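I would like the entire structure built from these sequences, with the hints used as guidance.
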Amino acid sequence: MKQSRDTNAADGAVIERAEIGGGHDGQAELVVTLRFPGGGRSRVVLDTMAGMRLMHNCGVDHAAALVGHPWHRILEEKRSCSI
Amino acid sequence: MFDLIIRGGEIVDGTGKTRFKGDVGVRNGRIDAVGTFGGDARRIVDATGRVVAPGFIDPHTHFDVQLLWDGQARPALEHGITTVVPGNCSLSLAPLKVDDRKRLVGMFQQIEEMPPAAFTEAFEWTWESFGGYRDAIAKSLAVNVAPLVGHSVIRLWVMGADSQKRAARPDEIAAMQDLLRECLEAGAVGLSTSFVDVDEDLRPVPSRWAHAGELDALAAVLGDYGRVLQVVPEFYNTDITIARVDQLAELSLKHDITTTFSPLFDSRLTPDNVPRVMARVAEQFARGARVWPQVQTRPIDISFSFEHPSLFFARFPTWYRVMRLPRAKRIAALRDSATAEQLVAETGADGGRFVMGGLVVRGGEGAPKALEGRTLGAIADERGTSPARALIDVSLEHDLNVPFLAANLGHEASDRIGPLLADPHVHIGASDGGAHIQSFSTYGDTGYLLGHFVRDTHHLTLEAAIKKITADTAEIWGISKRGTIAAGMAADLVVFDADRIDRGNERAVFDMPGHGMRYVRDAVGIDAVIVNGEVAYRNGQYTSAHAGRICDLQGART
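The listed protein sequences correspond, in order, to chains B and F.
For the first sequence, position 18 (counting from the first letter as 1) is numbered 18 according to the working numbering, and the numbering increases by one without interruption.
For the second sequence, position 59 (counting from the first letter as 1) is numbered 59 according to the working numbering, and the numbering increases by one without interruption.
Simulated from the structure, these hints should not be mistaken for laboratory data.
Any given hint could be a false lead.
What the hints assert, rightly or not - One-sided excerpt, in silico: chain F residues whose CB lies under 8 angstroms from chain B: (1) Ile44; (2) Asn237; (3) Pro263; (4) Ser310; (5) Gly410; (6) Ala413; (7) His436.
As the list claims (entries may be wrong) - Label-pair distances were calculated between CB atoms; the ranges are: (8) F:Arg507 x B:Leu75: 41 to 47 angstroms; (9) F:Ser480 x B:Glu76: 50 to 56 angstroms; (10) B:Ala65 x F:Arg549: 52 to 58 angstroms; (11) F:Lys481 x B:Val14: 53 to 59 angstroms; (12) B:Ala65 x F:Asp497: 35 to 41 angstroms; (13) F:Pro424 x B:Glu76: 31 to 37 angstroms; (14) B:Leu75 x F:Ala328: 29 to 35 angstroms; (15) F:Val509 x B:Glu76: 41 to 47 angstroms; (16) F:Glu365 x B:Val14: 40 to 46 angstroms.
What the hints assert, rightly or not - A partial selection of chain B residues facing chain F, derived with a Cβ cut-off under 10 angstroms: (17) His24; (18) Arg35; (19) Val44; (20) Leu46; (21) Asp61; (22) Ala63; (23) Val67.
Remember, predicted model here, so these are calculated numbers, not experimental data.
From the three backbone atoms N, C-alpha and C, an ideal C-beta is built for every residue, glycine too.
This is the structure in structure tokens:
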């Protein structure tokens, strides 16, 4: 199906998996696997601040609960996130 | 008469050729004879039963500040490091205008965890130019230094506050080119830039505001001088990292420069990252580009406490919620018996034995000495409780100020890392020496390479591993007359016991200016370290020798 021109492929990406790993800077980080509408997958590693912001924006209190949430939530404003 | 003879060792000369037994004679700071020769010396170092290797070169450090009060770059030197490359990741201490010092110090503190006192108590700022900084550190060096100049500081010098607001105009780019030339003339080994770092206000550092044309213009200057470009790519995503590999390859081919990026590391959570990036690196090398990924040897450990937010707790909802409470409420929640029971229950029927039993109590400001280095599993057994409960109790007993270590949380699979380190396209580095000082120890990576990946797992021969951290590094960076044991080369040498060499256990020390804390590891199995012919470390003791210098570089092309 042809996508409309104003549709960004990333808008449709959904979090498929979220796990805790170790970061280069010695801090824990959030490793997120994304699934795109076309079937493609990608992984993004988020540091403490970005990871907690994503969890806040998705309204979840543990990493596994991120599964199924849209990836574009990462772009939302920090709002009242305390991190 | 030689100044020094290292007698009777197994010489691993850095070229990769099979070790051979012989002596090394030193005269006037240079290697004068190798093998079997006559003559006497003012000083003899007996190397019987030991390996004699070229001094190790660490290509990714942040010793910029430390070198101003500690020319030995402790404890890097005792691990056999005789040459360091500071100024990585777009940050160097020069060129820097007086008015911009505060701004740069903030970046160093944010990125490298250097305490404020390190910039105010330990030295006097005497320079603005790169040459001035070079002269300031050169006064008391015990190690050799090949300093990078940071793209962020060049941008800051030319654009001031606008360096963190916008792209540069053509006249500003030209001014940056002139300034870079001045730094290279003053001895800079290359330029570093970063696509990921932020300052203390979490704004992108100046280098991140540059458009591709600016980097291309600066790379052209590097090409004129035959110098190196070091880059921190967006290592949090494989696709973007690959795009950077391609960008670096184009710069390398267009300007005939060597480029290197760091870090590249492996994780069980991102298993395709290294294979995909290395496949593209190999492809670009086949085209003639020079794009060296730097790979660290040590596994990634993380630390956390209840004092600061950490994603370590994000596996468990109640832990995560409690961690995010204001401090007083956090302590109250941990003290509440019902909440504590819920916290323990969330970690599993074994009370957290599986997920927390291996966590280690780290040393540090508030850490209890009696518990330092012990696992929560052992502490729980001693107290007749569960590891999860022990974590809560130990934290409460010390006002939350107890750091815990989760070891081997990344880059930990030896069967993947060993072959990667042996890959001919991999540049062993990324130690980050002198950085992240309050999070983990960045020292002893060479000991870990030679102990673990050579002696234990046999992924590399001793000769191959030594070549990787000596001659290969000198060649990649264009460092002149260092990296091999041969007549005429600088007498940078390490004498070590191949059966013992290792990194010691991590420990907290309070030796930074202002009694600042950092984590270090002591050397294991190193007998002697010689820099420019002077014995700088011997049998566990640093000497008063300060024979280090700013490295000579292979000739400029213009």
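Satisfaction of the hinted span 50 to 56 angstroms by the C-beta atoms belonging to F:Ser480 and B:Glu76: holds (53 angstroms)
Status of the hint placing B:Asp61 at chain F (closest C-beta pair under 10 angstroms): Constraint on B:Asp61 satisfied, holds at 4 angstroms.
Range hint compliance [Cβ, F:Val509 to B:Glu76, 41 to 47 angstroms]: holds (43 angstroms)
Cβ distance range 40 to 46 angstroms for F:Glu365 and B:Val14, holds or violated: holds (43 angstroms)
When the least beta-carbon distance from B:Val44 to chain F is tested against 10 angstroms, hint result: holds (5 angstroms)
Supplied contact hint for F:Ala413, tested at 8 angstroms Cβ to chain B: violated (12 angstroms)
41 to 47 angstroms as the expected CB spacing between B:Leu75 and F:Arg507, which holds or is violated: holds (43 angstroms)
When the least beta-carbon distance from F:Asn237 to chain B is tested against 8 angstroms, hint result: Where the cut-off is 8 angstroms and the nearest Cβ of chain B is about 5 angstroms from F:Asn237, the hint holds.
Cβ distance range 35 to 41 angstroms for B:Ala65 and F:Asp497, holds or violated: violated (52 angstroms)
Restraint outcome when F:Pro263 is required to lie within 8 angstroms of chain B by C-beta distance: Cβ of F:Pro263 sits 5 angstroms from chain B, so the hint holds.
Given hint B:His24 near chain F, where the shortest CB pair must fall under 10 angstroms: Holds: closest Cβ of chain F sits about 5 angstroms from B:His24, inside 10 angstroms.
B:Glu76 and F:Pro424 - C-beta distance against the hinted 31 to 37 angstroms: violated (45 angstroms)
Taken one by one, the earlier hints fail for this structure at numbers 1, 6, 12, 13, 18 and 23, listed in ascending order.
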